[in-house]
Every structure is written in structure tokens, then in C-alpha cells.
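Participant: Each chain, letter by letter, is given below.
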Amino acid sequence: MTKPLSAPLEVGFDYTRSLGPTLSRFMTALRQRRVTGVRGSDGRVHVPPAEYDPVTAEPLTEVVDVASTGVVRSWSWAAEPLEGQPLDRPFAWALVLLDGADTALLHAVDAGSPDRMRTGMRVRVRWADDRVGAITDIACFEPSDEPALEPLDDDGDPVTMITSPVRLHYRHTASAEESSFLRGLAEGRLLGQRCPACGKVYLPPRPACPTDGVPTAEEVELPDHGTVTTFCIVNVPFLGQRITPPYVAAYVLLDGADIAFLHLVLGCAADEVRMGMRVEAVWKPREEWGPTLQNIDHFRPTGEPDAPYDTYSQHL
Amino acid sequence: MAKQQAAVVGTGQTHHAAKRLDVSMAGLCREAVDRAMADAGVDWPDIDAVVVGKAPDLFEGVMMPELFLADALGANGKPLLRVHTAGSVGGTTANVAASLVQAGVHRRVLAVAFEKQSESNAMWALSVPIPFTMPVHAGAGGYFAPHVRSYIRRAGAPEHIGAMVAVKDRRNGARNPHAHLRQPDITLESVRASKMLWDPIRYDETCPSSDGACAIVLSDEPTSGAAAWIHATALRTEPTTFAGRDQVNPQAGRDAAAALWKQAGITNPLAQVDVAEIYVPFSWFEPMWLENLGFTDEGQGWKLTEAGETEIGGRLPVNPSGGVLSSNPIGASGMLRFAEAARQVMGRAGDHQVDGARTALGHAYGGGSQFFAMWVVGSERAGVR
Numbered sequence: 005m006t007k008p009l010s011a012p013l014e015v016g017f018d019y020t021r022s023l024g025p026t027l028s029r030f031m032t033a034l035r036q037r038r039v040t041g042v043r044g045s046d047g048r049v050h051v052p053p054a055e056y057d058p059v060t061a062e063p064l065t066e067v068v069d070v071a072s073t074g075v076v077r078s079w080s081w082a083a084e085p086l087e088g089q090p091l092d093r094p095f096a097w098a099l100v101l102l103d104g105a106d107t108a109l110l111h112a113v114d115a116g117s118p119d120r121m122r123t124g125m126r127v128r129v130r131w132a133d134d135r136v137g138a139i140t141d142i143a144c145f146e147p148s149d150e151p152a153l154e155p156l157d158d159d160g161d162p163v164t165m166i167t168s169p170v171r172l173h174y175r176h177t178a179s180a181e182e183s184s185f186l187r188g189l190a191e192g193r194l195l196g197q198r199c200p201a202c203g204k205v206y207l208p209p210r211p212a213c214p215t216d217g218v219p220t221a222e223e224v225e226l227p228d229h230g231t232v233t234t235f236c237i238v239n240v241p242f243l244g245q246r247i248t249p250p251y252v253a254a255y256v257l258l259d260g261a262d263i264a265f266l267h268l269v270l271g272c273a274a275d276e277v278r279m280g281m282r283v284e285a286v287w288k289p290r291e292e293w294g295p296t297l298q299n300i301d302h303f304r305p306t307g308e309p310d311a312p313y314d315t316y317s318q319h320l
Numbered sequence: 002m003a004k005q006q007a008a009v010v011g012t013g014q015t016h017h018a019a020k021r022l023d024v025s026m027a028g029l030c031r032e033a034v035d036r037a038m039a040d041a042g043v044d045w046p047d048i049d050a051v052v053v054g055k056a057p058d059l060f061e062g063v064m065m066p067e068l069f070l071a072d073a074l075g076a077n078g079k080p081l082l083r084v085h086t087a088g089s090v091g092g093t094t095a096n097v098a099a100s101l102v103q104a105g106v107h108r109r110v111l112a113v114a115f116e117k118q119s120e121s122n123a124m125w126a127l128s129v130p131i132p133f134t135m136p137v138h139a140g141a142g143g144y145f146a147p148h149v150r151s152y153i154r155r156a157g158a159p160e161h162i163g164a165m166v167a168v169k170d171r172r173n174g175a176r177n178p179h180a181h182l183r184q185p186d187i188t189l190e191s192v193r194a195s196k197m198l199w200d201p202i203r204y205d206e207t208c209p210s211s212d213g214a215c216a217i218v219l220s221d222e223p224t225s226g227a228a229a230w231i232h233a234t235a236l237r238t239e240p241t242t243f244a245g246r247d248q249v250n251p252q253a254g255r256d257a258a259a260a261l262w263k264q265a266g267i268t269n270p271l272a273q274v275d276v277a278e279i280y281v282p283f284s285w286f287e288p289m290w291l292e293n294l295g296f297t298d299e300g301q302g303w304k305l306t307e308a309g310e311t312e313i314g315g316r317l318p319v320n321p322s323g324g325v326l327s328s329n330p331i332g333a334s335g336m337l338r339f340a341e342a343a344r345q346v347m348g349r350a351g352d353h354q355v356d357g358a359r360t361a362l363g364h365a366y367g368g369g370s371q372f373f374a375m376w377v378v379g380s381e382r383a384g385v386r
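Going down the list, the protein sequences come from chains E and D. So for the first sequence, our numbering puts the first residue at 5; every next one is plus one. So for the second sequence, our numbering puts the first residue at 2; every next one is plus one.
What the hints contain is simulated information worked out from the structure, not anything from laboratory work. Here a beta-carbon is modelled for each residue, glycine too, at the ideal position from N, C-alpha and C. Where hints are given, some of them may not hold.
Stated by the list, open to error - Partial selection, computed: residues in chain D whose CB lies under 7 Å from chain E:
#1 Gln5
#2 Met65
#3 Ser128
#4 Pro136
#5 Gly143
#6 Ala194
#7 Ser195
#8 Asp200
#9 Thr238
#10 Pro240
#11 Ala244
#12 Gly300
Stated by the list, open to error - Chain D regions said to be covered by chain E (calculated; three or more residues, Cβ under 8 Å):
#13 25 to 33
#14 56 to 62
#15 69 to 78
#16 246 to 260
#17 270 to 276
Unchecked claim - From chain E, some residues computed to sit far from chain D (all C-beta separations above 12 Å):
#18 Lys7
#19 Ala83
#20 Asp119
#21 Val136
Hey, can you work out the whole structure from these sequences and the hints?
Facilitator: Okay, here's the thing in C-alpha cells:
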């Protein structure tokens, strides 16, 4: 069997986080070069603050100022920093117990070398020059016995929201069966597979028939024309959309297939598309072909009479 | 029927809104949890275990709510479970919590479900550009609209049914102080004049995007007087696609309903159920699920809607709370249906109380109509009629 096809899949979004009262005070203080914690029911000072008490689950409201200096309680060397981490050069992840706090804060220590790191060492906050009210206002910690920079009051609004970007870099790999389908598409062919148990023809083929659970090994070449079973007209623009609305997203059942797939129908006004409409593929120019269903630019009406309802009703 | 009976003894929910920027996710959950505990008359030491559900992770970028929210959910030192079943998760979470009581594992269980849609973008999250595929997907509406069209064709339903459901649910929502959308003046004409988003689904026939949470306290014995006894629960699943799949009337939903009615001892759901909270994110799903649930024969669901029988005062009031069409914190929407069913039989549904409700259905579905969760609750213990 040939190697499965794979391609990058990038997923990224700037999620927001409304902070609520407790974390709002923490973030606002960071902007002023202050670190604050919250006192728990057992008297411990939690830094960063816990919104709810770990013991009683009651809301915690007593804000306590702690120092911008502290002690490393434990650490781990990050030799190869990753995207989005606090420093772009090797650093230590450390649990830092700030003076006046009873719980440790996880952050980066810019020590230059693991030789300069040890449990029990003194560190201080290196404040970011431009502070916005986020944990990144602490640029990192640095080894030092000296105090950190003094707080700097501001009269800005309380910080109530942070942005928390997520970037996921995947490699999406198609199954062996889908890969042979995609390679067929690169040659302008539509290759499905038949389930040996139920006889249904799947396009794209599956590693196993969803009904019978057995491999669908027998290859079946299908024509590039078929019937619109059902459809909708997309009028809504949205983030990440790659086709400009309005467009018709239709389930196309190729002649000889037992399952329909979603594609685009053009070549007539959107409100002329009908259930049962006969359609054919309009391929992109051959030089643009690759292993993708996008080789078919869209489907267009063939002009044949509509398929009788009974011929596709079991595919709805 | 379970040997150990379980009951809902308290429910709580947030005020649902497009943006609840005043609270964190933890604070949002606690608004619901604190209300549920107060409704049940219990405190943290009374809770033996916590079950939490939320919508798919990309929806709000939280992958481990069980880790993130343990303090806020009072779960330290207790069992904490997380449930995943897409949009039906709130209902599934309630069923999992019920099973822990029915199995005799725990006496009192707190179930919580939430969603902060404002912190993300659900349409984006549902339309990730998978390589090699045709990028025609357009969120949940784009997914369900073709199947709604199939229903209309198959049932021969008149075009105005979808608008009728929207009018009913939004007017019901106006009676519910927690509802996100409260539109007492909505009319058939205004719905039909609203923009066609995913033809055949119009803007006013579509659920909103909401921030909100819901919580339920389940117990083996009443704690505060009223209780909604669980008469039956059912969960069923099927693949998103397979050759010959019935996308309009999915087998998993029919199977779940059949098991549910049997377990509850209900032989004629339309006659024996007093009120139903059904997961209707797009208005046409009311008649579709009426059929799938067996309240009517196939192709007849729209006639019940058209006759006004699903309004408060009708034979089967559906979504007196305003339903998903009035509030849609996705992760919590299923639990809201389950909680609203319980409130009805506890006589605690306020201005949207259905008079004399003794038996109620809570229903949720998720994914591509592939996960189904439901329960029947009653004002009396199961077996007592």
C-alpha cells in the first residue's frame, strides 16, 4: 500500500478570558508592578490568587500584597524554548515562592545556564517595560538578592479581560483508503470502494464500512455526475470562511454511490437549485489538480429532468 | 428501573446573555451552582461527587475544565468526572450524575454544565479547514439546514411551521427571567421577514450564542421538600455518516426514546407526558424531534405544532422556558432542558409553569444528530401513579 497523504492543519484563535473580580485585581496590580495574592480560609496566601478556596470552595476576597522577590522551590531547564513561551533563549521553568506568599508561582527564570540554577536561590521579578495587565507583565524572573523595581501607580481602568491566543500546528494524515481516493482525484478519477458485506459504495472510501466494520477493499470508479439530494444556501459570512456567500452547499450523490458528499453547486441561480436536480462536475484546469476534492471547482446542472424522489429519498 | 431511586432536589442557572463579561468561567459556573445548592437546601459537605460537562474544546479553548474548575466546583477531595458529547453534553452530564446515585455509588451528586461562547467563535470552531476536503461547511446552521429541507420535503410540511415554533419559543422565553432573548412582541410576520441565513433557516429561527451555566443537585432522598424523581434515562449514539443514514429521523434518537418510554412505563407519550423540554436550536427541529421521540407518527409532528398543541396550555407544551431558541450556552443547553423539566414537576417553574405538570421530558442532542440524551422526571417516585 502506498504512503498515506498528509498536510499541515493550522488551528489558531485569540480566545478572550473575562477575569471576574479576583483575577481582575491581580492583573490590574501587575500593570502597576505589584504582585498580589489572596488569603485562604486556612490563612495561606495564594499567589496567583485562587478565585475559590481550595478547602471550603467559598469565594476568596481578601487581597494581600506580596513581594516581587522570592525563592525558587523547584525548577526544570527548558533548553529549546517553544513558540509563545516567556523567553526565546534557554531558560528555567521554576516554582517561585514570593516573599509573603504560601503557594508558588510558575514562571520563567532567565539564568543563562542551568549551572546558575539551584533550588533555594533568590530571584526577583524582571518587569516588562510595556505592561498591559497580564501575567506576561512579569517578563520573567532573574537571579538576584536585590529588590525588584518599585511599583508604579497608574490611573488606568481595572483590567477585566485578557486575550489568550491558542496556536495548534497539526499534521493531518488521511487514511490509506482516502489517500488512494485523493490520488485518483489528482488524475481526474473518482474512486470509491464497495463494502463486501452490505454492497454499499462509499465515496470517499473508508478504512471500514461504518455499518459492517469490515474493510471496503473493492475499488469502484464512479462517474462525475449525480443528483443533489438536499442542500442549503449559505448567506452567512463567518470567520475563516473560504467561499464568499451566498453559495449553495449541496449533498451530491454520484450515480452508483450509496452516500452523498457536500460540494458546491453553481451554474444557476441559487434559488433554482432543487432536491433531485441532476448535476455534473466542473473540473478546474488540469494543471491546477492536486490530491483534493477541490479539483472539482463545483457542480453544475446538467439540464436533464430531475431525478424522481424515490431514487434518492433513502439518502436523506 | 434502578433499584435506588434518584431525584433532582435542586436546580440553578445563570442569567444567560450574549456576553457575561462580569464573571470568569468559574464565576459563571458558581452562579448556577450556588443557586442549585440553595434550591436544594444543601451545602458543600452534603455533596459526594461532581460531574461537569462543557461544549467541544475549540468552542472556548478550555481543554481540561475538570482541572481548571476543581476549586470552583468544590471538588477537591471528591470524585470529579468530565463528560463529552458535543451539544448534548449537558443532558448526558445529568444522566451520568443520576447513574451515580441510582447505582448506589454516591448519595448526592452535583452536575454542572457551562459555556462562554463570547470567549470564542463557535462557527469558526465548527468549520476548521481540514486538508483535502471541500471547504463548504458553514457552522451548525450549515450542517443542519439541508436536513431541515429534507424534513420539509419528506413530511410535506407547510413553510410557516418553522416560524410558528420561533414565535412560540421566543414568547415563552419572555416569561423566563433567565432567558437570553425575551421577545414578547415577536410575530409570525416578523420571523418570516427576518434574513434567510442558511436557506431554509431564517435568522429568527436560529438560536442565539449565549454565555451561561446550569447546575443540578441529585439525591437519593428529598432535601428541601419538592423533588423531581427520575423515572427513566436514556443515551444512544450513532456515526455522523453512513450509507442509508436517516439524517432527519436518526435511529439513535428513536432507539433512545423507545428505551426511555419503556423504562418510564409510558405507552402513550403524547397522553402521558405533561410537558417537554426538547433541544430545538433551529425551529424546525421541534416537529422533527416530536416525531423522533414518538409523540407523533412520522411526518405528523408539524401538525401538532400547527394546531398550537405545543404552546403552554396545549396538549404537550414544548419548551415553556423558551428553549434553546431563547438561550443557547451550548455546553449547558442540554442540562437546561433537563433542569427545566425538573422545575416543572417540582412546581418551581415560575411564570412558565405548566399547570399540574406531573411528568416531564428533558431531551438533548449533539454532534451531527448523533448523540441523544433524555430523561423523564415525575413529581412522584417512579412506580407511583
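Participant: Against the earlier hints, flag every one the structure doesn't satisfy and list their numbers going up.
Facilitator: The structure conflicts with hints 1, 2, 6, 7, 9, 12, 17, although it agrees with all the remaining ones.
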